[in-house]
Amino acid sequence: MKPALGPKEWRSLFTPEGKFYDGGVKLLKRVRNGGVEPSIRAEVWPFLLGVYSLNSSEAEREAIKAHNRKGYLLLRKHCLRKNNKESVDDHITSEEENPCVILEQEMQDKTGKAIPENQADESLCSSSSRDEDESEKSDVTDVEASRDDVASVDQSSVEDEEESMPLPKYSNTGGNIETETKLSKIARPVKSARTVEDFETWQRIIRLDAVRANNEWVSYSPSQAAVTREKAIESASAVCLKDYEHLEAHRIHHASRLVAILEAYATYDPEIGYCQGMSDLLAPLLAVLEEDDEAFWCFAGFMRKARHNFRLDEVGIRRQLNMVSKIIKTKDFHLYRHLEMLEAADCFFVYRMVVVMFRRELTFEQTLSLWEAMWAHQAARRAGITRSSWRKLQLGAPPTDDLLLYAIAASVLEKRKLIIESYSSMDEIIRDCNSMAGQLDIWKLLDDAHDLVVTVQDRIE
Amino acid sequence: MAHRVDNEYDYLFKIVLIGDSGVGKSNILSRFTRNEFCLESKSTIGVEFATRTLQVEGKTIKAQIWDTAGQERYRAITSAYYRGAVGALLVYDITKKLSFENINRWLSELRNHADSNIVIMMVGNKSDLNHLRSVQEEEGQALAEKEGLSFLETSALEALNVEKAFQTILSDIHQIISKKALAAQEAAGSGPPTQGTTINVADSSGNMKKGCCST
Numbered sequence: 001m002k003p004a005l006g007p008k009e010w011r012s013l014f015t016p017e018g019k020f021y022d023g024g025v026k027l028l029k030r031v032r033n034g035g036v037e038p039s040i041r042a043e044v045w046p047f048l049l050g051v052y053s054l055n056s057s058e059a060e061r062e063a064i065k066a067h068n069r070k071g072y073l074l075l076r077k078h079c080l081r082k083n084n085k086e087s088v089d090d091h092i093t094s095e096e097e098n099p100c101v102i103l104e105q106e107m108q109d110k111t112g113k114a115i116p117e118n119q120a121d122e123s124l125c126s127s128s129s130r131d132e133d134e135s136e137k138s139d140v141t142d143v144e145a146s147r148d149d150v151a152s153v154d155q156s157s158v159e160d161e162e163e164s165m166p167l168p169k170y171s172n173t174g175g176n177i178e179t180e181t182k183l184s185k186i187a188r189p190v191k192s193a194r195t196v197e198d199f200e201t202w203q204r205i206i207r208l209d210a211v212r213a214n215n216e217w218v219s220y221s222p223s224q225a226a227v228t229r230e231k232a233i234e235s236a237s238a239v240c241l242k243d244y245e246h247l248e249a250h251r252i253h254h255a256s257r258l259v260a261i262l263e264a265y266a267t268y269d270p271e272i273g274y275c276q277g278m279s280d281l282l283a284p285l286l287a288v289l290e291e292d293d294e295a296f297w298c299f300a301g302f303m304r305k306a307r308h309n310f311r312l313d314e315v316g317i318r319r320q321l322n323m324v325s326k327i328i329k330t331k332d333f334h335l336y337r338h339l340e341m342l343e344a345a346d347c348f349f350v351y352r353m354v355v356v357m358f359r360r361e362l363t364f365e366q367t368l369s370l371w372e373a374m375w376a377h378q379a380a381r382r383a384g385i386t387r388s389s390w391r392k393l394q395l396g397a398p399p400t401d402d403l404l405l406y407a408i409a410a411s412v413l414e415k416r417k418l419i420i421e422s423y424s425s426m427d428e429i430i431r432d433c434n435s436m437a438g439q440l441d442i443w444k445l446l447d448d449a450h451d452l453v454v455t456v457q458d459r460i461e
Numbered sequence: 001m002a003h004r005v006d007n008e009y010d011y012l013f014k015i016v017l018i019g020d021s022g023v024g025k026s027n028i029l030s031r032f033t034r035n036e037f038c039l040e041s042k043s044t045i046g047v048e049f050a051t052r053t054l055q056v057e058g059k060t061i062k063a064q065i066w067d068t069a070g071q072e073r074y075r076a077i078t079s080a081y082y083r084g085a086v087g088a089l090l091v092y093d094i095t096k097k098l099s100f101e102n103i104n105r106w107l108s109e110l111r112n113h114a115d116s117n118i119v120i121m122m123v124g125n126k127s128d129l130n131h132l133r134s135v136q137e138e139e140g141q142a143l144a145e146k147e148g149l150s151f152l153e154t155s156a157l158e159a160l161n162v163e164k165a166f167q168t169i170l171s172d173i174h175q176i177i178s179k180k181a182l183a184a185q186e187a188a189g190s191g192p193p194t195q196g197t198t199i200n201v202a203d204s205s206g207n208m209k210k211g212c213c214s215t
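For the record, the sequence lines run as chains A and B. Okay, so the first sequence: first residue is 1 according to UniProt numbering, each after it adds one. Okay, so the second sequence: first residue is 1 according to UniProt numbering, each after it adds one.
In short, the hints are calculated from the structure, not lab data. Just to be clear, a hint being listed does not mean it is correct.
[As the list claims (entries may be wrong)] Taking beta-carbon pairs under 10 angstroms as the criterion, some of the chain B residues facing chain A (in silico):
#, residue
1, S21
2, S41
3, S43
4, A50
5, T51
6, W66
7, A76
8, L98
9, K180
Each residue gets a CB set at the ideal place from its N, CA and C atoms; glycine is no exception.
Between the sequences and the hints, there should be enough to build the whole structure, so can you do that?
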């Protein structure tokens, strides 16, 4: 293991205008091989996750940051309106008691110029199959009316067209759509009458997962760990979080941040919405990034690739399991045959590792190191850093979008002897994989994964 | 390949734990197999399982319990694991009406994907939260009767009725299998008793205890 990228070296990578001297190649190389020191993670991650381009200047980044912040606030506002609507529907909260109505108003005050929402609504409705706006019109109540007033005030106060901004939406640029379309044909047609989940369902499950999030992140973020109860309760009411009475202040605060960002994401990417496991991916980001808007956009960057795991049609997860299977088959046919015999060649036993990216198997710190290496690879691919320029830096393994899958395959290959000699059913492999926690050496695993990339990538991808 | 070893257990029964997210499936499992409870247990991704061997009606039964993710999204992968299950604990949360209302959806899920002879038990969990109750015990009982299921309220937190729930479902399964075996024996005239079709689980799932042959 190489030493992690530290603050001094990090600053030395930039020109006076705040651009990378070398387009970020050295950054990615360093992160790939040694990770990032905790003190600069919050600065480095937005580059790894594609929030900022590797070619951007400091001034450009400032502009993006401001724009992103505005976009995030819009998403949050949209979520709050949905919360209000639900409160009305449930007849639980009356107008004067509803903290979210008050909060929405406060938020507008704070941001100064409010953002017109009708435009945002239109853009949501066009891509959403839900007909909530229809139903919203049909049950106009006092709260509805008061909210409409607020909205109309917004509109009149923002006559200036330039201030308007559409609700941010996930859009797919690039990616592996083609592969996935091909794959969907072989995926078994079991969709049957499964119902589509709605936003309300997501909100419920998000809160459920948020209040049971653990606190292993605490030592990585002393400031968030020291949050006062008052502040924590404030952040909880900002997202209409209840059922937290049993939690300590820092966990209430953490849960509230999870809710805020996951809800915003479900609005941003309604095709995926919320799927259990996504909170596992977000929680470490929250520990490092203390501002919600920054955390959101980093998470959105992370999800560009990860979202495929959570698709309703399961095409993404099947592609990945298929690839782990192919890596094992190519590298170790004997082991593969044994897996076939146990009816485990589909590699469903690594399902959880793929979906939450080793989060359940690794410690907090190990997870961050693995993810940083993975993000560095993906950033190199995005930036078009070629195999040859990567080689010039004496990095054996070329950049890959799928480092995680190589790492998972490596962790299975490491157990080949045990699997071949002792396991006689898939159940035993599942149990083994589900109890790997704490047993993995992350840097050895990364070395093995890189070796696998070198030896089998040409035959896999 | 693997054969049943009589001195380890007489039968291996595969049971699935299903129900909405957050009703306490994983904690029922950990209470039963490890006598543990964790308030902050994470959501189950896909499926996980644990086993416990116990005595039921004088037989040694190895219960292999598969815990599944509750979210709709994971239904396709979790339902694949219904195959070979001889029992299902269908869990709802007595403080969450919706999880009770969804029982019917879960039942049709089982009818579509599980063996038609699967023994189903309905479980209303979190009975320790009586002050927050939104489903009355009688409602649960009535639905269970209507659907022909056995029923219990449990508290994984207080270790209340969890053991009893598993004992009940395992002995129900055992009785059905014994009857089948007997019927098969009668049909075949004399000869050694054969195992009923339902317990092919016991044949295919292997018998090797973890560790007994390794290293």
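Hints, one by one, checked against the model:
1. S21: holds, 5 angstroms
2. S41: Constraint on B/S41 satisfied, holds at 7 angstroms.
3. S43: holds, 4 angstroms
4. A50: Nearest chain A Cβ about 8 angstroms off; hint holds.
5. T51: It holds, given that the least Cβ distance between B/T51 and chain A is near 9 angstroms, below 10 angstroms.
6. W66: holds, 9 angstroms
7. A76: Where the cut-off is 10 angstroms and the nearest Cβ of chain A is about 6 angstroms from B/A76, the hint holds.
8. L98: holds, 8 angstroms
9. K180: Because about 24 angstroms separates B/K180 from the closest Cβ in chain A, which is outside the 10 angstroms limit, the hint is violated.
In terms of the numbered hints stated before, the structure departs from hint 9 and from no other.
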